[in-house]
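Peer 1: With the hints as extra help, turn the sequences into a complete structure.
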Amino acid sequence: MTAPALPPSDASPRVSLGDLYRGFFGAGARGFGGTLPWARRMLVEERRWLTPQEFTDVFSLCNFLPGPNVVNVSIVVGARFQGVRGSLVAFAGLLTLPLIAILTLAVLYDRFGQLPGIDAVLRGVGAAAAGLISATGIRMAAPLAGMPRALVFLLITFVAIAILRWPLIPVLLALAPLSVLAAAWAQRR
Amino acid sequence: MSTLATLAWRFTLLSFVAVGGVTSVLPEVHRVVVDVHHWLTDAQFTQLFAISQAAPGPNMLLVTLIGWQVAGLPGALVATAAMCAPCCTLSYFVARVWQRFRGAPWRRAVEAGVAPITVALVLATGWVLMKGATTGWPAYAISIVTAGLVLSTRINPLWLFVAAALLGLAGVV
Numbered sequence: 002m003t004a005p006a007l008p009p010s011d012a013s014p015r016v017s018l019g020d021l022y023r024g025f026f027g028a029g030a031r032g033f034g035g036t037l038p039w040a041r042r043m044l045v046e047e048r049r050w051l052t053p054q055e056f057t058d059v060f061s062l063c064n065f066l067p068g069p070n071v072v073n074v075s076i077v078v079g080a081r082f083q084g085v086r087g088s089l090v091a092f093a094g095l096l097t098l099p100l101i102a103i104l105t106l107a108v109l110y111d112r113f114g115q116l117p118g119i120d121a122v123l124r125g126v127g128a129a130a131a132g133l134i135s136a137t138g139i140r141m142a143a144p145l146a147g148m149p150r151a152l153v154f155l156l157i158t159f160v161a162i163a164i165l166r167w168p169l170i171p172v173l174l175a176l177a178p179l180s181v182l183a184a185a186w187a188q189r190r
Numbered sequence: 158m159s160t161l162a163t164l165a166w167r168f169t170l171l172s173f174v175a176v177g178g179v180t181s182v183l184p185e186v187h188r189v190v191v192d193v194h195h196w197l198t199d200a201q202f203t204q205l206f207a208i209s210q211a212a213p214g215p216n217m218l219l220v221t222l223i224g225w226q227v228a229g230l231p232g233a234l235v236a237t238a239a240m241c242a243p244c245c246t247l248s249y250f251v252a253r254v255w256q257r258f259r260g261a262p263w264r265r266a267v268e269a270g271v272a273p274i275t276v277a278l279v280l281a282t283g284w285v286l287m288k289g290a291t292t293g294w295p296a297y298a299i300s301i302v303t304a305g306l307v308l309s310t311r312i313n314p315l316w317l318f319v320a321a322a323l324l325g326l327a328g329v330v
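Sequence order for the protein chains is A and B.
So the first sequence is numbered by my numbering: it starts at 2 and just counts up by one.
So the second sequence is numbered by my numbering: it starts at 158 and just counts up by one.
Just to be clear, a hint being listed does not mean it is correct.
[Claimed, not checked] Where chain B lies over chain A, by a calculated footprint (3+ residues, C-beta under 8 Å):
hint, stretch
1, 71–80
2, 92–105
3, 124–132
Derived from the structure by calculation, the hints contain no laboratory data.
Where a beta carbon is used, it is the ideal one built from N, C-alpha and C, also for glycine.
Peer 2: Now the structure itself:
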């Protein structure tokens, strides 16, 4: 349990539990509009705990694993320097301020969410947020544009989930293995 | 089953499949929360999403907000823990073996196979939220203009949220 997730190289800095908490606390506290860019800035540029290449490796793994990628980054980076305790401390640091902020907003929404002005503001922001996510999806889809195999699986998944509203888990259990097999077959040729 | 237990097992299951983060399982969260359990209305769901986007921190915190709406502070804590614990445990252990297989053909096949499905889920999220947000063509217009500006400029999305909030306040949507 206590072995580091990614063994630090000889050149790795010494990072204490307190450092981990403070570093990730800062990344979480600044993370308006996405925490990940701030986590990268903190890890690579400000504190130099990871090289850019190390960060990219950690990120590609965390992006691929289930769960919020920046939360996974805190787990993997924490483990790298301080094992399980490092993971827990980095995770706690990352979420301390955002949790307080979101619970404060939840209380305010309960009290004032039904006021006509707030309701109208949230309708506008909701529409914009839907647009932002759609743009993210379109941007993520761009590298797949020239790959018919990928586009077929993209389309089937979209129709099953967005249009037909089928439950996610059976859909994933059916489609993910097929998609991976198709990708393996495409690689072999 | 008690509401807290239902929250816990629903989000625990989702945590294991949330490749690409909470955004990609959002259509499923919407199905469970709005269609199956009727904990929130369609409009409330999109509003909570808007709040979670405007707040600092990972957008996973939408789950915290939903937990709060469903069962107060215990609900918020249970939903958050259920969403984090399984995937964090998985990350911890997988990180130890994953680096060893860098460049292995099966690893590249898994990555290439999962990518289109993750992208489809993010697009489905945009679709579901747009339908929840809409009160007619002005709301669709805000969504589409926002998407267009995000794709074609380097503007910070928070400014677009501010503009959309003002349009909402002015009674446009």
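Peer 1: All hints are to be evaluated individually against the structure, with a verdict given for each.
Peer 2: Hints and how they fare:
no.	hint	in the structure
1	71–80	holds (count 6)
2	92–105	holds (count 9)
3	124–132	holds (count 9)
Consistency with the previously given hints is maintained throughout, with no hint failing.
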